[in-house]
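A.B. asks: Here is how the chains run, residue by residue.
There are 2 protein chains.
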Amino acid sequence: MHTTQSLRAFLSLDKTDISPKQVMVTVGGRYAVYLYIASALLPGDEAIILEPAWPAYKDCVKIVGGKPVIIPTDLEKDWEPSVDFLLECINESTKMIILNNPNNPTGKILDERDLKQMVDMAQENNLLILSDEVYSNFAFTPFKSILEFPESKQVYVSSFSKAFGMTGFRIGYAISDPETIERMTQLQNLCLTSVPEFVQHAAIAALDCIEEAGRHAKTVENRLRLVCNALKELPLSYYKPDGGFYIFPKIRDRKMNGEAFAEKLLTEKGVCVTPGTAFGEKYDSFIRICVCQPQSVLLEVVKRMGELLG
Amino acid sequence: MHTTQSLRAFLSLDKTDISPKQVMVTVGGRYAVYLYIASALLPGDEAIILEPAWPAYKDCVKIVGGKPVIIPTDLEKDWEPSVDFLLECINESTKMIILNNPNNPTGKILDERDLKQMVDMAQENNLLILSDEVYSNFAFTPFKSILEFPESKQVYVSSFSKAFGMTGFRIGYAISDPETIERMTQLQNLCLTSVPEFVQHAAIAALDCIEEAGRHAKTVENRLRLVCNALKELPLSYYKPDGGFYIFPKIRDRKMNGEAFAEKLLTEKGVCVTPGTAFGEKYDSFIRICVCQPQSVLLEVVKRMGELLG
Chain Y
121 MHTTQSLRAF
131 LSLDKTDISP
141 KQVMVTVGGR
151 YAVYLYIASA
161 LLPGDEAIIL
171 EPAWPAYKDC
181 VKIVGGKPVI
191 IPTDLEKDWE
201 PSVDFLLECI
211 NESTKMIILN
221 NPNNPTGKIL
231 DERDLKQMVD
241 MAQENNLLIL
251 SDEVYSNFAF
261 TPFKSILEFP
271 ESKQVYVSSF
281 SKAFGMTGFR
291 IGYAISDPET
301 IERMTQLQNL
311 CLTSVPEFVQ
321 HAAIAALDCI
331 EEAGRHAKTV
341 ENRLRLVCNA
351 LKELPLSYYK
361 PDGGFYIFPK
371 IRDRKMNGEA
381 FAEKLLTEKG
391 VCVTPGTAFG
401 EKYDSFIRIC
411 VCQPQSVLLE
421 VVKRMGELLG
Chain L
121 MHTTQSLRAF
131 LSLDKTDISP
141 KQVMVTVGGR
151 YAVYLYIASA
161 LLPGDEAIIL
171 EPAWPAYKDC
181 VKIVGGKPVI
191 IPTDLEKDWE
201 PSVDFLLECI
211 NESTKMIILN
221 NPNNPTGKIL
231 DERDLKQMVD
241 MAQENNLLIL
251 SDEVYSNFAF
261 TPFKSILEFP
271 ESKQVYVSSF
281 SKAFGMTGFR
291 IGYAISDPET
301 IERMTQLQNL
311 CLTSVPEFVQ
321 HAAIAALDCI
331 EEAGRHAKTV
341 ENRLRLVCNA
351 LKELPLSYYK
361 PDGGFYIFPK
371 IRDRKMNGEA
381 FAEKLLTEKG
391 VCVTPGTAFG
401 EKYDSFIRIC
411 VCQPQSVLLE
421 VVKRMGELLG
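Those protein sequence lines, which keep their order, are chains Y and L.
Taken in order, the first sequence gives residues 121 to 430; the numbers are from our numbering.
Taken in order, the second sequence gives residues 121 to 430; the numbers are from our numbering.
Don't read these hints as lab results, they were simulated from the structure.
Model, not experiment: these values are computed from the prediction.
A virtual CB, placed ideally from N, CA and C, is assigned to each residue, including glycine.
Check each hint, because a few of them may be wrong.
As the list claims (entries may be wrong) - Far from chain L, by Cβ distances over 10 Å, these chain Y residues were calculated:
#, residue
1, Gln-125
2, Ile-183
3, Thr-214
4, Arg-290
5, Leu-312
6, Val-315
7, Arg-335
8, Leu-346
9, Ala-350
10, Tyr-358
11, Lys-360
12, Glu-388
Stated by the list, open to error - Okay, the calculated beta carbon distance ranges per label pair:
#, chain 1, residue 1, chain 2, residue 2, range
13, L, Glu-302, Y, Leu-386, 22 to 28 Å
14, L, Cys-329, Y, Lys-352, 53 to 59 Å
15, L, Lys-182, Y, Arg-424, 50 to 56 Å
16, Y, Leu-162, L, Thr-136, 38 to 44 Å
17, L, Gln-125, Y, Asp-297, 46 to 52 Å
18, Y, Ser-213, L, Ser-132, 49 to 55 Å
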């Protein structure tokens, strides 16, 4: 009960009530995503995924026999989803829409109007919403959580990995209605008993470190600003991230795609970025830069990128 | 590589070669069981389970759409499986046989002849063998691992929970052919990324504590002997365990089944045992006693059991 209160405080949920029966811990945020998808989709069911996206959503939908339906978003439209196009993709097999807000890799935060439109659309079409908000501690523009729309059928997924820098601990959590949490808990217990007990204690302790998590977010915000400014000198186009800790620039040079550039950067310059195709086939001109390094390293990274982009 | 050598030393596998590609760590032995079943069975496939058995086998087979086929064993026949009856249960849907050796809850160790018969039968009928040997560090009579029959299509499953008293760490492992391990690894990575890194380091350190694990096994053996001797005074029938750390006695009093006795023992005497029906419907006259307590506590447990059995 104390833990649920700490969690509410951390998530700044002053007005939203969460009971312990609505929360479960999982062996990482990824397993919360898997558990929800596995306990909600039947073979043949369709799940809408907005791309670019973390590949785990697509993989988890496929592994349970579901069909991922990809809705691309575009840099040129500030990564805003087209709700009209979304509506066109809904058929009687559509069961779920998967959101990642703030988005990995683009850093896009859905504005309140767009999110509300999606929630309404989901309700009208009886769709479940899976909202992965693992980067919500790194929201640098106004941010609404799916938890603020309790009228929708939803699961909120997050993790201690990003906000508290506890990636190696492998502990995440899900918030939903008690029946959904009960189903997900049964599935997790059946497969793997539990999250290691001492890891759970570490996570409880982390919830008392909200100030530290806030300072960590401020550091990331400063780094994003620094790298975005430095990138202005390079032949790249990008959306300045609203949140998260990635930048997802497009390489303007049409002779070199993201994979070739990432490969060259790694082998010739010792710098590792992720090619855009990891987040959707369409994004072959993109790379993802992660700002989880000190400022001096990040500036050196941009310098070396510049040497290759000429 | 060093770790694989430590593992071979721990498992006393002088003659069996194991390459790193044949081993994976999992978030507990239970997940190794799940991963193998999920990556090997298709919906409708049948898996043979010898009962009494840990309920996870049945649950994992069911959750992937498989059909558990139960082969009961009996106290009166020293828990020996009938290979003839087993053969009768095989049909074209039968894909796997699941062994737990030493057995939880009976403590039975399959003798070499019976195990060889099962391996031969599995080979002749093209069955996979899942051998859960999580209690093999507690083998007090001659014991053969499935790893000593490399001719069969098999997975060996174990855990650090029992041998090293690391239950709360949630780390297990599987040994199989490289292709099977690759499939299981892909499934685990897809669902949950990995075992926490520091937990893996703890397990590597544990492999250097073979002597301590041996002393721990000796303690358990002494406790089993003590409790078995003390139980002789009670109206119970039991098989003296060959291994493991449980005793699975049958209550001779036909007016009280295992569930009623376990309930009474808990509420009236503050002693917790597991009713036999947890390990198979047939075992409603049985209870499982776990000897993971000091000798003085165990003697007090037997005394209180005696007070109820009259």
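A.B. asks: Confirm or reject each hint.
C.D. replies: Hints versus structure:
No Cβ of chain L comes within 10 Å of the Cβ of Gln-125 of chain Y; the nearest lies about 25 Å off, and the non-interface call holds. Not every Cβ of chain L is farther than 10 Å from the Cβ of Ile-183 of chain Y; the closest lies at roughly 6 Å, contradicting the non-interface assignment. Every CB of chain L is more than 10 Å from the CB of Thr-214 of chain Y (nearest about 23 Å), matching its label as outside the interface. Taking the minimum C-beta to C-beta distance to chain L, about 5 Å, the non-interface status of Arg-290 of chain Y is violated against the 10 Å cut.
With a least CB separation of 4 Å from chain L, Leu-312 of chain Y falls inside the 10 Å interface cut-off, contrary to its annotation. Non-interface call for Val-315 of chain Y relative to chain L: violated, since the shortest CB-CB distance, roughly 7 Å, does not exceed 10 Å. With a cut of 10 Å on Cβ distances, Arg-335 of chain Y stays outside the contact zone with chain L, its closest approach being about 24 Å. At roughly 29 Å from the closest C-beta of chain L, the C-beta of Leu-346 of chain Y stays outside 10 Å, upholding its exclusion from the interface.
Distance check on Ala-350 of chain Y: its Cβ is at least 31 Å (rounded) from any Cβ of chain L, clearing the 10 Å threshold; non-interface status holds. Its beta-carbon lying about 28 Å from the closest one in chain L, Tyr-358 of chain Y satisfies the requirement of being farther than 10 Å from that chain. Non-interface status of Lys-360 of chain Y relative to chain L is upheld: no Cβ of that chain comes within 10 Å, the nearest being about 29 Å off. Chain L leaves Glu-388 of chain Y outside its interface by the beta-carbon criterion, the shortest separation being 29 Å against a cut-off of 10 Å.
Range check, Glu-302 of chain L to Leu-386 of chain Y: about 25 Å between beta-carbon atoms, so the 22 to 28 Å window is met. In this structure, Cys-329 of chain L and Lys-352 of chain Y meet the distance hint of 53 to 59 Å, their C-beta atoms being roughly 57 Å apart. Taking the beta carbon of each, Lys-182 of chain L and Arg-424 of chain Y are about 54 Å apart, inside 50 to 56 Å as hinted. A hinted range of 38 to 44 Å for the beta carbons of Leu-162 of chain Y and Thr-136 of chain L is consistent with their spacing of about 43 Å.
Separated by about 50 Å at the C-beta atoms, Gln-125 of chain L and Asp-297 of chain Y satisfy the suggested range of 46 to 52 Å. At about 54 Å, the beta-carbon gap between Ser-213 of chain Y and Ser-132 of chain L stays in the expected band of 49 to 55 Å.
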